[in-house]
Amino acid sequence: MDPAYDPQQVEAHWYSRWEKAGIFRPELNAGGPPFCIVIPPPNVTGSLHMGHALDQSIQDVIIRRKRMQGYAALWLPGTDHAGIATQIVVERELAREGLTREELGRERFIEQVWMWKARSGGAITEQIRRMGFSTDWSRERFTMDDGLSEAVKKVFVDLYHQDLIYRGKRIINWCPRDRTAISDVEVEHEDELGELVHIRYPFEKSSGGIEVATTRAETMLGDTGVAVHPDDPRYRAVIGKTVRLPLIGREIPIVADAAVDPTFGTGAVKVTPAHDPTDFEIGQRHGLEAIVIMDEGGVINANGGRFSGLDRMDARRAVKDALAAEGVLVKVEPHEHSVGHCERCHTVVEPYLSEQWFVRVAPLVGPAIEAVRRGDIRFIPERWEKTYFHWMENLRDWNVSRQIWWGHRIPAWYCGACGEITVAMEAPPACRCGSTSLRQDEDVLDTWFSSGLFPFSTLGWPEDTEDYRTFYPNSVLVTGYDIISFWVARMIKLGLHLTGRKPFSDVVIHGMIRAEDGRKMSKSLGNGVDPLDVVRDYGADALRLALIQAAAPNQDVPFQTEWVDAARRFGNKLWNAVRFTVTHLGEGGVAPDGGYPDDPGPEAAWVLSRLHAVVAEVDASLDEYRFSDAYGTLYNFAWGEVFDWYLELAKSHLRSGDAPTRTTLGVVIRDLLKLFHPVIPFVTEELWQHLVGDGFIAASRWPSPPAYQAPAGFETFRDVVGGVRRFRAEHGLAPRHPLEVTIVDPEAAMEAWWVPQFKSLAGFEPRAGSSVAGGTFSRVVSGSLEALISFEGVVDVAAERMRLDRAITELVAAQARTEAKLANPQFVERAPAEVVAKERERSAELSATLAKLTTQRSDLE
RNA sequence: GGGCGCUUAGCUCAGGUGGCUAGAGCGCUUCCCUUACAAGGAAGAAGUCGGGGGUUCGAGUCCCUCAGCGCCCACCA
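Letter by letter, the first sequence follows residues 1180 to 2040 in my numbering.
In short, the hints are calculated from the structure, not lab data. Don't take every hint at face value.
What the hints assert, rightly or not - List of simulated lysine-lysine pairs, DSSO-like, C-alpha gap at most 30 Å: (1) Lys1420 with Lys1348; (2) Lys1565 with Lys1384; (3) Lys1332 with Lys1699; (4) Lys1830 with Lys1752; (5) Lys1296 with Lys1199; (6) Lys2031 with Lys2017; (7) Lys1420 with Lys1296; (8) Lys1348 with Lys1296; (9) Lys1420 with Lys1332; (10) Lys1384 with Lys1510; (11) Lys1830 with Lys1296; (12) Lys1499 with Lys1510; (13) Lys1348 with Lys1332; (14) Lys1332 with Lys1296; (15) Lys1348 with Lys1333; (16) Lys1333 with Lys1384; (17) Lys1384 with Lys1420; (18) Lys2017 with Lys2000; (19) Lys1333 with Lys1681; (20) Lys1499 with Lys1384; (21) Lys1681 with Lys1565.
Using the sequences and the hints given, assemble the complete structure.
Set out below in structure tokens:
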């Protein structure tokens, strides 16, 4: 084995071997209980980012452990077609060749997208492999697959016939750049400083007028009314009158509607039913005409009179100027308000009246809320349930049609003769009226419509496949909180309705990985870190371990390269620990399972008892999805106890060929490899081959070491060395190796054979870290007796005094606190007995230590 | 306008149901190339747990309040 661990070399070859051996398939543990996670499908357009790396690292830890625990574990990979995003990418490519999709036509454009997908869609799956994620590629799915497409179609048709999907003219969010509708959740609101423009609409039949205010002046071109609150005394007299719309000259009525907030602005609001959701509703209630004044690109149309042809933002200025010229512009004041932007292209979205397909969400919401409320579906951490409820309770119908080409085309046909809509799986031969002039809807479905079916459509639903029967409902869903509304909520709603069962049991929500500066990682800010760069420099294992350890249960975490570096150093440490073990036990000398010694010596019993405790703790944490806790504990145990202490203790035993030590060392290191395997699969697999050399660690069994009784004095690793000293002294044995007498427990150190020599040299009793001639005591104990004797310098008594004084001061304070507590009758009465007992014990310990230190201190006078 | 979260060591963060002397990584100080590993080892310094109030025998932890920061939701024209 090389003395240093080289991640690149180690990570190069394992993935294909695992895959070839079928380890990632649930059939590996055919008889085991099923366990299934479906990957949150990344965009085919995308490449892996830090968010995926974290998300998928968590899932891999879960799935690899379950696999090792004997579950028929399935992690199903897939990608989603990302309608708008993909279309934009391909269109951009075409534009470079001077082509537009319109020129190409629908069919050839779709062909282009598929070709593009074939070319670059593999990038993300390649990255998943590079990260070592153990997905079952034999079951890989894509939302535009035949099977999934059939499922999508069936769902649309069924929901339509259940009256849960309808077509309607509504105000939707329109992106003038992408020229498509988008759903409410695809709109990002940002507070912006705009203008509140006050306009006076003159009365038609009398002098004077009514003042209205708007932030989008150009929309006045489409006004068909003015609304006031019915109870507003200021306007009671004018209700029913008409005003003349400036610039256009249209006569429009003043109506009374409770939706108007009398305290805002002038209390009178202009009504533009075609360009504002509230206005649309007001318009509906009062029979006001909805006049669309813009085309799909946000340019004013013929209804805008002389402003026709202007872009909406130019029109805004032009309208303002024209109003001023007409003398009806009362004032313009700065006004901060929230403006919606397209999530993808950041264009300001336009509320736009158009005919779209909607999913009626109200009937789906009840069961979706209920499933979470009664604990059938669990959010981890729990507090996300509140967000989920809040969000679910305020839903409007979901606009699912998109005016793009790449996606699942809506299976609806319009009759050219009678206008009847036929929704069916296949193109109907004729309309009900007998006409054969049928035209399919041009629109496609929102990508999230198909993603919402992922937990079951990927398993073969609506067919009653074996996979569906076995792995549905899924066990766990892991995702960031940013897509609870987009995805999680929809899977729950659709899953419950369509399959009659919950889509999954546990929803594990994690935080976002942020850039080092604490901001969101984004391309435009240039502060993103490409996981693959990190993998190249530090290895996938290091990145995975770093993310898992840093990922607090739900908090956003700024990404820091130092974590990854620390994680890589751990890999090196592990590598060397195994190298040490292998040089003593030989290659492949350890059994893949079991093999725990029956009659270990004291040190072995100590480390084995710790191993048992740590496994229990790690299991408990992992069962609760507390990944950073689990691996923090494991990391500290491995490095701080096993590597730093047990390996040192084992050295001289190994030289003397001590059998229990060989066995113990082997099983402890082997179990550490297993415990770490879910996070750092590559290096543990490589090391497994050296240590065990049988099968794959990826297919090995999760450890469950038996409980061992640690000998007295060995309870914590801090006591180990002192304990060994005491133990050997009691049995009349000599210390074996200088390292074994590293001073941790001063009391034990006093008994050591070299103490008199130290005392004669230094003039006081040794403590860990005691200063001797500019050197410290650790040098002595970790070197040799010769090194000790060669010390002939001046002892730094002053430093030693200061050290002791400080320690004594602290102890006195601690003791005072303890005494005060114990002297308090209420504490003794009301605190639990065990707490009081512990306090007593502590008090005694403190007194003893204090006495000892005081003696040492007086020695120095 | 609602809702949620954060504020703990120089930096980035942990600290389930209140209870030993508040932890980790990185950084810092002192010492040590030691035969698995200097990408290492030993020892150590460093925190009025954002401010104020309350509940309690006991509060980083629970409640109220103030301040600062962040996120989500929302049809104030």
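Hint check results:
As the CA atoms of Lys1420 and Lys1348 are separated by approximately 29 Å, the hinted pair is consistent with the 30 Å bound. This hinted pair does not check out: Lys1565 and Lys1384 have alpha carbons roughly 54 Å apart, beyond 30 Å. For the hint pairing Lys1332 with Lys1699, the CA-to-CA distance comes to about 37 Å; that exceeds 30 Å, so the pair is violated. Annotation: proposed proximity of Lys1830 to Lys1752 holds, straight-line Cα distance about 17 Å (limit 30 Å).
A C-alpha spacing of about 25 Å is found between Lys1296 and Lys1199, which places the hinted pair at or below 30 Å, so the restraint holds. Distance hint between Lys2031 and Lys2017 is fulfilled; the C-alpha atoms sit about 21 Å from each other, no more than 30 Å. Only pairs whose Cα atoms come within 30 Å are accepted, and Lys1420 paired with Lys1296 is rejected, the gap being roughly 60 Å. Between Lys1348 and Lys1296 the CA atoms are separated by roughly 34 Å; this puts the pair beyond 30 Å, and the hint is violated.
A distance of roughly 51 Å separates the Cα atoms of Lys1420 and Lys1332; the hinted pair therefore is violated under the 30 Å criterion. Between Lys1384 and Lys1510 the CA atoms are separated by roughly 24 Å; this keeps the pair inside 30 Å, and the hint holds. Taken as a hint, the Lys1830 and Lys1296 pair is broken in the structure, with Cα atoms around 57 Å apart against an allowance of 30 Å. With a C-alpha separation of about 10 Å, the suggested pair Lys1499 and Lys1510 falls inside the 30 Å cut-off, and the hint holds.
For the hint linking Lys1348 to Lys1332, the alpha-carbon distance of about 22 Å falls within 30 Å, and the restraint holds. For a cut-off of 30 Å, the pair hint linking Lys1332 to Lys1296 stands: about 22 Å separates their Cα positions. Of the pairs offered as hints, the one joining Lys1348 and Lys1333 holds, with about 24 Å between alpha carbons and a cut-off of 30 Å not exceeded. The suggested pairing of Lys1333 with Lys1384 is violated, with an alpha-carbon distance near 58 Å, which exceeds 30 Å.
Of the supplied pair hints, the one linking Lys1384 and Lys1420 holds, its CA atoms being roughly 8 Å apart against a limit of 30 Å. For a cut-off of 30 Å, the pair hint linking Lys2017 to Lys2000 stands: about 12 Å separates their Cα positions. Between Lys1333 and Lys1681 the CA atoms are separated by roughly 19 Å; this keeps the pair inside 30 Å, and the hint holds. Between Lys1499 and Lys1384 the alpha-carbon distance is near 25 Å, which keeps this suggested pair within the 30 Å criterion.
Pair hint Lys1681 plus Lys1565 holds up; C-alpha atoms about 19 Å apart against a cutoff of 30 Å.
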